[in-house]
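Undergrad: Residue-level listing of the chains:
Protein chains: 2
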Amino acid sequence: MSNQRDIIVREVGMRDGLQMVKDIFPTDAKLRWLQAEADAGIPEIEVCSFVPVHVVPQFQDHAEIVEAGLKIPGLTVSALVPNARGAARGFELGVDKLNFVLSASETHNLKNVRCTTEESLGRLKDIFALRNENPAYAGIDIAGGISTALGCTMEGKIDPTRVMWIAEEMLKLGVSEIMIADTVGYANPALVHDVFRQAADLFAKDVRISAHFHDTRGLGLANVVAALNAGITEFDASMGGLGGCPFAPAATGNIVMEDLVFMLEEMGLNTGVNLEKLISIREIINGGLPESEPLYGAIARAGLPKPKMPEMTG
Amino acid sequence: MSNQRDIIVREVGMRDGLQMVKDIFPTDAKLRWLQAEADAGIPEIEVCSFVPVHVVPQFQDHAEIVEAGLKIPGLTVSALVPNARGAARGFELGVDKLNFVLSASETHNLKNVRCTTEESLGRLKDIFALRNENPAYAGIDIAGGISTALGCTMEGKIDPTRVMWIAEEMLKLGVSEIMIADTVGYANPALVHDVFRQAADLFAKDVRISAHFHDTRGLGLANVVAALNAGITEFDASMGGLGGCPFAPAATGNIVMEDLVFMLEEMGLNTGVNLEKLISIREIINGGLPESEPLYGAIARAGLPKPKMPEMTG
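Read top to bottom, the protein sequences are chains A and B. Each residue of the first sequence is one higher than the one before, counting from 1 in this note's numbering. Each residue of the second sequence is one higher than the one before, counting from 1 in this note's numbering.
Derived from the structure by calculation, the hints contain no laboratory data. In this text, all values refer to a predicted model and were calculated from it rather than measured experimentally. Mixed in with the good hints, there may be bad ones.
No copy labels: a pair is met if it fits in one copy or bridges any two.
Stated by the list, open to error - Capping the alpha-carbon separation at 27 Å, the derived lysine-lysine pairs in DSSO-like fashion look like this:
| # | residue 1 | residue 2 |
| --- | --- | --- |
| 1 | Lys111 | Lys205 |
| 2 | Lys97 | Lys71 |
| 3 | Lys125 | Lys306 |
| 4 | Lys157 | Lys97 |
| 5 | Lys277 | Lys125 |
| 6 | Lys22 | Lys172 |
| 7 | Lys71 | Lys205 |
| 8 | Lys172 | Lys97 |
| 9 | Lys71 | Lys306 |
| 10 | Lys277 | Lys172 |
| 11 | Lys205 | Lys277 |
| 12 | Lys306 | Lys157 |
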């Protein structure tokens, strides 16, 4: 089935969502979530970030989760890393892919990882050096993520030229993928089309390009449509929209995986995902979350259309 | 300002929204809502439907509302009509525009107005005859609305060919506008692009074409993007997404006006609407609604981006 996917959707809620949750999400529920989402046909799951346990205690069980994920046939297990130290842990554990992320916004990067964007690029260089030191790590992909690429709560508008420059630098270092992220939900469909069109024209011949949208201001799926129109076929999302924004407490987080899959499948695009199985995973996640963390999602609320729409032709 | 609008957004919550509300919305609050939304720059408001008071008691104050609306300079006051009897009332009151609506789904039309789609077209013919009888009515526009045009809870998929046939028949009768509606929230961006592209190719040279989307399954704004890409520039929406769907009790209603305006303006498209003034109208509406009728909206929940994004160039 995976050979026939038109669109790759990647679960990031286990990382981008859970990192926001103060209560520890039980390892057992995480393991069931992982297995269930792989069973539903999700091809890639970002399972954690490799950061010190005292910074994000939520990922203290990362070794167990990674190990379990790697046993699931066909699943790509990825993890976020901000620096070489985190990457070293990822290499040791043998994840399939490391997602290195920096911010296009200098101010945001300084706040988030305490160094300039240029210094972050230096860290990415160190990560590649580390990978190249050990032939056992050769098969581990490194993706370059550019956060706040479509706007920043601190800097406002971000110049697309700067985003392209960062992508170019990442490409020179050897990333297999460029991920462009609207970290704080500032994007709009016109900007998305513009930035992703530029990125596709410049880089699509060399690397995969993926999109990471937040639904903070309700434009998440509209932005997906704009990115699709720009030729993008890989999207991050999270179950139930898990993952708020620390700068907008009442705002929803990542785009909702169930709604994304529903939209894509209704559009006649094959995601390889079984939507009913996917929706049923909300129960597992709800079971592991404190009551103060609601899950979002229009499809879960409204239900699938009935009678089922016949297959679209053409 | 209205001369420079790129996009026309039309408020339908006062009709499509309130018709779903069982408690009578106070006339006084309706009048304040009307004035405030016109002040915010909304160019057209559908204020009621002309149906017997015993069918929809909510519109018992229609004469007062229409009269007040017609006094507001520059505002287009429209109303929905299902038949010649309703249209006669509209002509008498001198509304600016009558929106005649039938369903593309034969089953839905039979349930809703107890006649076939063909018979509904006959009613539209009667409405034009009525208008032509009296020179005083010559300036009143008649728009042709096609509901369930993108899917039906009873029939499922609707053949776009049928939608084009209805539009063609309406055009022959003399409508100034074709409104294509996703009444039950079954549309997806691919279908929207397909149907509106066909409609634009066939009819845009002769009439205005507008889109009416519901956000039942979260795809409302994504569908707007698809319609924009097909060249559509007129959209219905309702304040706070007022207007549920009787077939999906937990579902939200029309696309949210505030979110639509936010998206369009962020895209660099001028709606002529002051977003902050618009958002403040939610208070008036909340004050007139029973507590069981929540307003929706991502912008009202998350707030506008801060710092304010600088104007987009190009």
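Undergrad: Now look at each hint and say whether the structure bears it out.
TA: Okay, the hints, checked on the actual structure:
no. : hint             : result
1   : Lys111 to Lys205 : neither (34 Å within a copy, 54 Å between copies)
2   : Lys97 to Lys71   : within (15 Å within a copy, 64 Å between copies)
3   : Lys125 to Lys306 : neither (52 Å within a copy, 34 Å between copies)
4   : Lys157 to Lys97  : neither (30 Å within a copy, 41 Å between copies)
5   : Lys277 to Lys125 : neither (40 Å within a copy, 50 Å between copies)
6   : Lys22 to Lys172  : neither (38 Å within a copy, 63 Å between copies)
7   : Lys71 to Lys205  : neither (32 Å within a copy, 60 Å between copies)
8   : Lys172 to Lys97  : within (18 Å within a copy, 60 Å between copies)
9   : Lys71 to Lys306  : neither (37 Å within a copy, 44 Å between copies)
10  : Lys277 to Lys172 : neither (40 Å within a copy, 48 Å between copies)
11  : Lys205 to Lys277 : neither (35 Å within a copy, 46 Å between copies)
12  : Lys306 to Lys157 : between (42 Å within a copy, 11 Å between copies)
Against the hints set out earlier in the document, violations occur for numbers 1, 3, 4, 5, 6, 7, 9, 10 and 11.
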